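Go ahead and model the full structure; you've got the sequences and the hints to work with.
Everything in the sequence shown is counted per the working numbering, starting at 1 for the first residue and increasing by one.
By construction, these hints were calculated from the structure, which means they are not laboratory data. Watch out, some of these pointers could steer you wrong.
As the list claims (entries may be wrong) - Computed spacing ranges between beta-carbons, pair by pair: (1) I130 to E437: 46 to 56 Å; (2) K226 to F107: 19 to 29 Å; (3) E318 to P391: 16 to 26 Å; (4) K254 to K112: 41 to 51 Å; (5) D456 to S147: 37 to 47 Å; (6) D209 to E298: 54 to 64 Å; (7) K315 to K187: 54 to 64 Å; (8) P218 to D435: 24 to 34 Å.
Given the structure is predicted, the values throughout are model-derived calculations rather than measurements. For every residue, glycine included, the Cβ atom is placed at its ideal position computed from N, Cα and C.
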Amino acid sequence: MSNQEHLIILSIPFVRINRVLLSPLIKKTLQNHANLLIVSPFSDDKIFQKEFESNQTDFFMMTHPERFSQPFHVLYSVSEILRIHGYWMRYRKNGMEHLAANRFISFGPNGKDIKFSIMKRLIYSFLGLIGIWRKSWRFIDSMIGPSIFENYGLTEITRSYNKVTLIQSASWGLQDRNLGWIARKYKWRKVLIPYTTDQLLTNGHLISDFDAVCVQGPCEYDFAMKYHNIPDCRIKKLGSLWARYIDELVQRVKKKEIAKKRKKIIGYAGVSSTYFPIESELLGLEILLEAINQGELENTELVYRPIAEPKEIRKEIESRFSDMSNLSIQSSQEACYGMDTYDFSNNFEDALEEFIQQISCYDLLVMANFTSLCIELAYIGVPTISYLFDPTGLLSKRKTEKILNKNGREQNFPEIPVVLEQNQLITEVKKLLNDSEKFRNQAEATANRWDYKKADFKRILEEAIDVQ
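As structure tokens, then:
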């Protein structure tokens, strides 16, 4: 590494964050001013290093025990309950109604939820009330930090630099809790660049007292002000770094020869069965496929992107549907949704390029429940419908209606139609496919909520990391 003045630490605890903090454009901008240190559980992986290495980049892997020794394990758990449940309780009548209503349930796949015992509910209730005070969890953090968070290997690396900046994208998880504590102790500059819609919305009180919070769009600007009381001077309207990467990937895809479409393509995006029963997800698929096969949706094909293992889903679908002539199944790229595991033998940029090439063919997206894919499609001008019809009754049991506004739309995506009844789905599909103005306006509205497209992101990023 060459520049010994400024070190920027990039926290990459999950695969999905690569596309935000390790895109070529972002790395180049940061390397104009500092050396980079990638802190990640993948840092010892030679293929990961080869993919993201440069002469100004080094790697460091933080290790944590599977379980802290007592009493630190209990105290850490208590601090997380204070941080997360206290936040939900603080805003239980102002945006966190659904989370507060389900705070005593551990969601399981396909409705196999586990209810907390009476004793556990009492403990969580008590801690949730204390956690309404924003810094309650930090009191415990200051007690246990020296015993479980101190990392002399990392601080030895940083000691030779005049300035250290920590950039985090996740406001949850052990690695970022750890780095947040170290950054406070050694007075590093702390910057948050969120990687999903959740980080400023549902994940609890922020894990660091950030010097700069880089919001993707107006939605996150409101979250930063409303839920975290971030002073306006510390909020940077950066825009979505993932959207800027998508802009670059779209141009690459356009340069490649792509077969002209003969039919309209509807993408159908699945989600984890923890959040939407697979039976209801497949029913939505069945409704769409039947409408296509019977000619109600003319000249149309269906592309299904399940989160579940494609081989298992394919077997289920083939046994369920007699006619699959208008249906194809796409595997979802781990580069886009992967968390703590990923096969780095598959080139990361190639996987992202494949993802963009696939979704660029969609004329419309129907998503089971809600998924950030609706934002990615909006960036490239494609609208979305949310399918929430669930005859199993699970979503009703979980009080999912609390995420909707008075018009029956998701509070942070009011332009996206929400299907709550079986006979609504095809009607909503036709509305969008047959009305080009509605089609265009809906996608544009979603993109504008989650991105500042015209922001001078290089200048604002430099401002956030505090360089001239």
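Hints versus structure:
Range check, I130 to E437: Cβ separation about 51 Å, and the 46 to 56 Å hint holds. Between K226 and F107 the beta carbons are some 26 Å apart, a value that agrees with the proposed interval 19 to 29 Å. For the hinted restraint 16 to 26 Å between E318 and P391, the CB-CB distance of approximately 23 Å keeps it satisfied. About 45 Å separates the C-beta atoms of K254 and K112, a value consistent with the hinted range of 41 to 51 Å.
For the hinted restraint 37 to 47 Å between D456 and S147, the CB-CB distance of approximately 44 Å keeps it satisfied. Between D209 and E298 the CB atoms are about 57 Å apart, so this pair conforms to the stated range of 54 to 64 Å. The supplied range of 54 to 64 Å is met by K315 and K187, whose beta-carbon atoms lie about 56 Å from each other. At about 25 Å, the beta-carbon gap between P218 and D435 stays in the expected band of 24 to 34 Å.
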